[in-house]
Each structure stands twice: as C-alpha cells, then as structure tokens.
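**Student:** Taken in sequence, the protein lines are chains A and B.
Under our numbering, think of the first position of the first sequence as -4, with each following residue one higher.
Under our numbering, think of the first position of the second sequence as -4, with each following residue one higher.
Derived by calculation from the structure, the hints in this document are not laboratory data.
Any given hint could be a false lead.
Same chains, same names: a pair is fine if it fits in one copy or spans any two.
As the list claims (entries may be wrong) - The calculated lysine to aspartate or glutamate pairs, modelled on EDC-like cross-linking and capped at a C-alpha distance of 20 Å, are:
| hint | residue 1 | residue 2 |
| --- | --- | --- |
| 1 | Lys303 | Glu326 |
| 2 | Lys134 | Glu116 |
| 3 | Lys85 | Asp47 |
| 4 | Lys87 | Glu43 |
Protein chains: 2
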Amino acid sequence: MRVKSALISVSNKNNLNNILKVLKKFNVKLISSGGTYHKIRSLGYRCEEVSDYTGFPEILDGRVKTLHPKIHSGILFKRNSKSHRKVLRKHKFSSIDLVISNFYPFESTLKNTTNLEKIIENIDIGGPTLVRSAAKNYKHVVVITKINDYQNLIEELNIHKGCTTLKFRENMSRVAFCETASYDTTIYKYLNSRTKEIIPERLVINAKLFKKLRYGENPHQVGAIYGDEETLNLNQLHGKELSYNNYNDIYACLRMIKTFPKNKGTVIVKHTNPSGVSIENDHLKSYLSALNCDPISAFGGIVACNFKINQKVAKELIRNYYEVIVANGFEPKALKYLKTRKNLRIINYNNSLNNNNFKIVSGLNSFLFQNNDDHVLGGKNFKIVSKVKPTKKIMKELIFSFNVCRSVKSNAIVISQNNKTLGIGSGQPSRLDSCKIAIEKMKKFKQFDNEDSIIAASDAFFPFTDGIEALVQAGVSAVVQPFGSVRDKEIIRFANDMGIVLAFSKTRHFNH
Amino acid sequence: MRVKSALISVSNKNNLNNILKVLKKFNVKLISSGGTYHKIRSLGYRCEEVSDYTGFPEILDGRVKTLHPKIHSGILFKRNSKSHRKVLRKHKFSSIDLVISNFYPFESTLKNTTNLEKIIENIDIGGPTLVRSAAKNYKHVVVITKINDYQNLIEELNIHKGCTTLKFRENMSRVAFCETASYDTTIYKYLNSRTKEIIPERLVINAKLFKKLRYGENPHQVGAIYGDEETLNLNQLHGKELSYNNYNDIYACLRMIKTFPKNKGTVIVKHTNPSGVSIENDHLKSYLSALNCDPISAFGGIVACNFKINQKVAKELIRNYYEVIVANGFEPKALKYLKTRKNLRIINYNNSLNNNNFKIVSGLNSFLFQNNDDHVLGGKNFKIVSKVKPTKKIMKELIFSFNVCRSVKSNAIVISQNNKTLGIGSGQPSRLDSCKIAIEKMKKFKQFDNEDSIIAASDAFFPFTDGIEALVQAGVSAVVQPFGSVRDKEIIRFANDMGIVLAFSKTRHFNH
Chain A
-4 MRVKSALISV
6 SNKNNLNNIL
16 KVLKKFNVKL
26 ISSGGTYHKI
36 RSLGYRCEEV
46 SDYTGFPEIL
56 DGRVKTLHPK
66 IHSGILFKRN
76 SKSHRKVLRK
86 HKFSSIDLVI
96 SNFYPFESTL
106 KNTTNLEKII
116 ENIDIGGPTL
126 VRSAAKNYKH
136 VVVITKINDY
146 QNLIEELNIH
156 KGCTTLKFRE
166 NMSRVAFCET
176 ASYDTTIYKY
186 LNSRTKEIIP
196 ERLVINAKLF
206 KKLRYGENPH
216 QVGAIYGDEE
226 TLNLNQLHGK
236 ELSYNNYNDI
246 YACLRMIKTF
256 PKNKGTVIVK
266 HTNPSGVSIE
276 NDHLKSYLSA
286 LNCDPISAFG
296 GIVACNFKIN
306 QKVAKELIRN
316 YYEVIVANGF
326 EPKALKYLKT
336 RKNLRIINYN
346 NSLNNNNFKI
356 VSGLNSFLFQ
366 NNDDHVLGGK
376 NFKIVSKVKP
386 TKKIMKELIF
396 SFNVCRSVKS
406 NAIVISQNNK
416 TLGIGSGQPS
426 RLDSCKIAIE
436 KMKKFKQFDN
446 EDSIIAASDA
456 FFPFTDGIEA
466 LVQAGVSAVV
476 QPFGSVRDKE
486 IIRFANDMGI
496 VLAFSKTRHF
506 NH
Chain B
-4 MRVKSALISV
6 SNKNNLNNIL
16 KVLKKFNVKL
26 ISSGGTYHKI
36 RSLGYRCEEV
46 SDYTGFPEIL
56 DGRVKTLHPK
66 IHSGILFKRN
76 SKSHRKVLRK
86 HKFSSIDLVI
96 SNFYPFESTL
106 KNTTNLEKII
116 ENIDIGGPTL
126 VRSAAKNYKH
136 VVVITKINDY
146 QNLIEELNIH
156 KGCTTLKFRE
166 NMSRVAFCET
176 ASYDTTIYKY
186 LNSRTKEIIP
196 ERLVINAKLF
206 KKLRYGENPH
216 QVGAIYGDEE
226 TLNLNQLHGK
236 ELSYNNYNDI
246 YACLRMIKTF
256 PKNKGTVIVK
266 HTNPSGVSIE
276 NDHLKSYLSA
286 LNCDPISAFG
296 GIVACNFKIN
306 QKVAKELIRN
316 YYEVIVANGF
326 EPKALKYLKT
336 RKNLRIINYN
346 NSLNNNNFKI
356 VSGLNSFLFQ
366 NNDDHVLGGK
376 NFKIVSKVKP
386 TKKIMKELIF
396 SFNVCRSVKS
406 NAIVISQNNK
416 TLGIGSGQPS
426 RLDSCKIAIE
436 KMKKFKQFDN
446 EDSIIAASDA
456 FFPFTDGIEA
466 LVQAGVSAVV
476 QPFGSVRDKE
486 IIRFANDMGI
496 VLAFSKTRHF
506 NH
C-alpha cells in the first residue's frame, strides 16, 4: 500500500521532524489539527488543518476535532471494495492511509496532580478513536502510536519506496491496540481506586516489560519482569544481572524486612525461605546472628539488611559466598569492599517503598488474588491461654518469632531467642516434621544462651500435641500458635502440665 | 442531572424493553442507529434514526454511523460551561444525556471462527467511541455498557424521578472504561497470538471475577479467583466451597498429573508439596501407594487421580480425611460413597485441558513472568555419566523420580522405587537437609522392596558429595541430578567408587 495522505495528531510532539522529512520525500499529503498542525507548520512543512479538511470547526476546547465522518470514512473504507470506493467518491471524501497519534498524557497527569477535573480532561477521546479506526483497517492503513516506531516507519517507507507491507501494518495495529488497551486500563484503575473496591469485578493488569531475564526459574524457561523501574525501586550498584530467582528471593526478603523495626534487621534467604533472621541495634551482630543460625544454608543465599551497611559488616559479608546483598544504603568504604567480589549483586533499596498491597498468582487459566499478609503484628494479636504468663521480654520474643514464622513456607516452625532465630523448619506437609527440622538446626548450630528462654512460633495450630511436645523437650519454654484446632484444649492442658507459656494468635499465617 | 435524551446503540439487543418503558415514562427522547433503531421501533417506541439526527447517512456497511460531531458534541459538552452551551446552540446541536451501548461481539467471534476478515469486522469502532465520550463526561452523562446494569439504571431513574446521581454516573463510567479496556485487551491478545511472541512488550491481563473466595491463604486476607469458568474447567460435584488454598493445591496437583501417563497416576498434595506419588495400572494400588509413602502428611491433603474413581478406590479414600478429591471422572457408585462425607470437595476435571503456558507471580509492584516447566521429560534428557549403566527398568524409574521431583518445592529430593515415591524432601535451604528428610520418610514408612533398586532424583545439582553420600548410605543405587556444579567430577568419581548409576539431566528444575 502506498501512503498518499497522513493524519497526524500527537500530544507528545517530539521527534516529528525526521518523519515529516520522509513523508515529504514521498509526497504524502498531511492533515493535522490544533497544536500538532502548528508544530508541523513551524517545522516548515505544508499541512492542511482538520477543520479545513472537514469543513467543520474544532469546538468545545478541542474535545471534538477529528470525530467526523469524513475523517473516519477516509480511514475505514475498504480499498478493495467497489461500493466503499463509490461512497467515498459520492461524498467527495478522500483516503487517509497513515495515522500518527499519541494520546493526552493521562498517566503522567495522575502523577502530577490530584485535581479530578484536570485528570478527566486528560482522557483522550479523539486520539484513541483515530488509532482504533486505523488499527482495525490495518489491511489498508498504517497506524503509528509510539515515538519509538517513527524510525521503523521511516525505514519501511524508504525500503518500499513510499509503501508499507501488510506485515508491518499488522504489527503496528497490534501495538496500537496494546496502547488503547493500556490507556483505558489506566483510566479504569484510576476510577477504581476512587471507589476503593478491594476485589474488583475484573482483574486488570497492564504492565510494561521492565526487563527480559536471562531465563526463568530454570535455564530452559523464558523469564521476564514487568513493571516500572521507578516503582520497583531496586537500584543495582554492582555485579551480575539479577536473575528470576534473585528477584523472587529479594521479594521474599523485602516482605520480611517490612515487619522489622527500622534500621536493625537482617534476613538471609535461600529458595524464598529464610535461613536466619536477627534484629539487633548492633549491625554487625545483626548480620552475624542471622548468618550463624544456619551458616550452611546461608551459602549462596541473599542477605537483606534494613540498615546502611558499614565497613565492618561489609568485611564480614565478603567472607561468605552470597548471590545478592540488599540493603538500605551502603557506606562508600563498605561498597568498595563488597565490589571486590566481581559477580556479587549489590542492591540499594528504598525503605519508604509502598508495595502493591495484593498478591496475584496464575494457575490453570486463572488467577488467584489476595491482599498481602504484611501488616506488623503486635502483642494485641495474642491471647495468653496458659497459667504461666510471659514476661515483657518473652512477649517481645513471641512477637519476633511469630513475625518471622509468617515469612517461612508452610508448614512453618521458628525457634528463637533474643531476637534471633535458632532454628527454622519450613515447607513440610507435616507440622511435626517442621518442628523436628527447626530443633535439629538449633541443636546443630548451638546459637542459644542457656540462661535465657527459648521461644517457638507455629504459622498454624498444632493439630496434635506431638509437635509442641517435641519443642518443649528440646528446651522451648514459650510457644505462640494460632488457635482453631479441635484439640486446642489438649494443647493448653499440655502447656500447663509442662509449665510453659502458651499464646494463641488470632491470625493464622499460611504462606505457600 | 435529568436525562432528556438517550442514544442507544447495542449489538446485543436483549432486555431492551424494560428500559425503554422507563425512558418513555420520563419522556426521554431516543436516538438510535441501524439494527437497534429497528428493534426499538418494533417494540413500539418512538425513536429518531442517527442519520436523520445528524443529517448524514450511515455508510460503509455501518463502519461509520455515530462518528459525527453532532453526536459527540452532544455527549461531550460541559453542561456548566457557558461557552460550550453557546457552541451547541450555534451549531443547533442538542444534548445527549444517556448512552447505552454494547459492542460487536469480538470475543465470541473468536470462539466461533478463525476467519480473519470476520474477526476484524467485529472490532467495534463507533460503540467504544460513544462509550468513552460518555464515560469521560460522567459529570453530566450516564453511560450503560452492561445489560446487567439496565436494572440499576431503571431503579436510579425511578428513585430520582428521571434524574441520576453523580455517584451512579461515576460508577457507570468506571464500568465503561473496564469494558473498553477489556475489549481492546482481547483484540491485542488476539493480534499478539498471531505473531507468536513469547515475551510481549506488555503484560496484559483482563480476567473477570470468577468467584470471591471466603478468604485468601488466611482468614484475615481477602481472596478471589479470576478467570472463565469454562476454561478453568473444574467441575465441583459435592462438598464445601473450594478455598484459596484448595485451588492453589489443586493447581499443584494438576501440574503434576500432566506429566503422568494417561489413566494411572495418583498424587497427594499438602501445602503445594506432594506427600506421595504413584503410577500404577491398578487404580487401587496407585492410590494406596501414594498414600503409604507418607500417610501422616497425607491427612487433610488433596488427592488427585488422572483416572476415573471406582467403588474400590472410593471405599479406601473415605477411610482417610481429605479436603479435596480431584479425578478424571467418578463411577456413580464411587460418587455415592464419597458423598457420604458431607464436606469433602469432589472435583471432576477435564483431562484434555489446555493450561495457560505461562506463570505469573506478583511481587513488589512488579510481575515475574515465565513459561511453565511442564513438558514431559524423557530419557533423552539424561546423560549417563557413571560406569554402571542403568537397566531399562532403572531408566524408567529415574524418569519417574525426576518428573516428580520437578513438582516438589526446592530444594527437592525424591526417593522412589517401582513408580512410587518412598520419601520426599522438600523446601529446604540446604540440599543435604532435603536428602535427610527424604531418607527419614523412607525409613519410617518402609514402602520399599529389598529386592529392587532404590532411585533418587534431585531438582538441581549436588554442590558437594555429602547429599548423594547420604542417599547411597541409605540404600539408593541410582541417582539423577542436573549437571553444572564445579564439583561434577567429584560427584561422578564418588558414584563410580560406590558402583551406582549416575545420570546427569540437561535441565534443572527449581520450583519455588
């Protein structure tokens, strides 16, 4: 198809010059409206105004410009239909073979203002209609919606001497419908956010490709990450490119760090499970405690600190092999140390980050949707059901232990003392097995202080006494678990018989 | 705002009568085009044709009907703007206060034909433009896009005596943009499918709410599932409503069952991990073998069979407590047995199901995207690196074990014999720990035959010899693992020293 005439109506007027040059070279007649018309004229090209073309003025502050049968007939008629061509001739309409349009900047308006009127005014009507008409009729018409595609159009026209191929037009049509779908999705999401509906009637996602990843969870799977760089907000300072599994583990880390008090927590994650967690004012101690809980599992893991890494911590970090270090800042000297490890990925994350408050997982032609389980839990969430009541210190430890437990894959058991984990049992179909794993870790790495109480947390209730019994036998003297079993009373009786503290949480925390 | 005039242009003409009755009651002037006009007239209501209203005919087989400044000015003008009202008067345009429109059935056309021309013809241009104009101007205009909302409009008009509230109009605008976004998303996805691009430049999802769930992974989280009932294709025959965790576990089951030979596999899943898997021609044996691998963990789990459940199997099934039974059909008598368990969820699934071939997980304002790891692996995927070569039987067992291993959460170790698992170690940050768990299960439940070889599979390479050593000491005589460690040679040497079979898989299978 030869391009003989083009309608150009762009909100973003960058990079027009090159394309106008080529259109002139191939004698393409230009039609345009409003600001675009003036821009084209100022660049020194001939152009007819839409209002002259249609014989109808631009009205309502530009709300109605191109919504005219002459324009849309010129775009939409089938070039290979005798009757369509006859209609065009009858009405003295002519063909429009190329539409270049981008839309009022709705999304950036949202970022710049909360003024409803301004936001609504930035819903483009004419532009998307032009684009949809042209995209529907891609058999005959070219549509360009992205400035990035200007160069592709220029090359296409140059190669084919003023013509375009069907393949090119179809591809541009695909891009165009992606743009209109994205545009209306953004509008819908904005209007939806005003109603504050938690579970909308449609799950609408429209995210741009942030990065193709080297591969997915495994090398034979393709992988990619979608989202805005600015909202993702992970600033890589050094090292190899982040992999799919790195991202997945970093997310697990940051979900956990969100529940920590500011400026004093470390978590080491491997395969989305924490191998060790510690909260300490002393940053070096915080890191070492997290490491020592299970130094074997920590090997090749991801370390995340919600504080700024100093020189001392960095020196210790590079003694072990890690894939990624995530922290809320790095002192220059610390960074220098870390950078001596060529491949080590160093990530600065922004503490003030607001995450999406929902979680979506696909499966079997469907999407499971829920809000995140990431609010910080305090003591009010617990009811002490044992005769022995916890001291303040033990209460604090129960809270720590339970908050860590929520981030461990179910069934999850965490044993802790003095704001550090001693043993973590994860991912078992049987709760008793998770208890055994946690106990074994504790016994193996011996990070406990015999003078202090040892605490355990369970992400869901104990269905039988066997699990809690194993914990108590291993030295645990205070346990927190959600209530809800038919055997809750038995569990309480057991706790009282043993003289331990037992807290029932109001909330359960499965995490799969 | 009083509704004085309405433009109606619907592709689906159902349920118009009631709304027309109310519009007549409030003296609303009707404008309509093409088929809708004739429908309204045939129902006995007065109506002006768009072409009479605009003074411009419908042309190009209906491609251009309502794309006219008189229509869009009437919709888009600001009722509270003097200058806008003046423009309307000057051009003798009048106000259009209500737009009722639904679109050419693009999605159902896709289902009914593969004819490109027909599909493209069903891209509606006029309808979405009318709807977007009205939705933008919701401050003054009502837009109705869903037949379900007719009744809401009727009630709104009745309550407010021919007027509507801003809240109602805003809500209908939200619904309208959801419709246009969905519509163009479907078009984009169709055009995208023609290009066969695996990683598109935008991740576009637009799924309708299939069901609000009682809650998410935990009772304090909201949960929902999005998707089409027909593509989801899980037919619940009995029992309590499926929960979020049930769906999640069912997906894990069905992913696994996909890799089984037809009509002879059972898997029991708990917390997304298999507790036992068996492939047997004898269905009863298949179920019992899967159960006996770890009957403790199986308690409260989900059983999935890729065969039709008969009476014998059903009798055994109800001896244990399960949350869900999923199978490829149920014999009537079997169903009767199972239904004696009031709460037991019984799900019939369709074997021929084509799943989405991608997996999406949200995290931190982004989406991780990959294609599924669900192609069936055969022996060609393995390279025998040990001196001892496997018999055919052992080779078959290695394939079975490895295929199960892929569905276990990493780090994953599976020990198996005769097409059934003997021990599964899942979800550990350390591979050695997963080995120990698998070994302990095998020793505990003693499902092995001393006469036969015991096989083990690992989802990723052994970083050291310690894991494989533990397995061999426990009686394993053939191992499959992906290659890739710097210590691969050590592992091979160890296998040869021990005289076991060692197969290196070309593919790794992390699963988090």
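**Student:** Run every hint past the structure and note whether it holds.
**Tutor:** These are the hints, each one checked on the structure:
1. Lys303 / Glu326: within (7 Å within a copy, 63 Å between copies)
2. Lys134 / Glu116: between (33 Å within a copy, 11 Å between copies)
3. Lys85 / Asp47: both (19 Å within a copy, 19 Å between copies)
4. Lys87 / Glu43: For Lys87 and Glu43, the Cα distance is within 20 Å only inside one copy (16 Å; across copies 26 Å).
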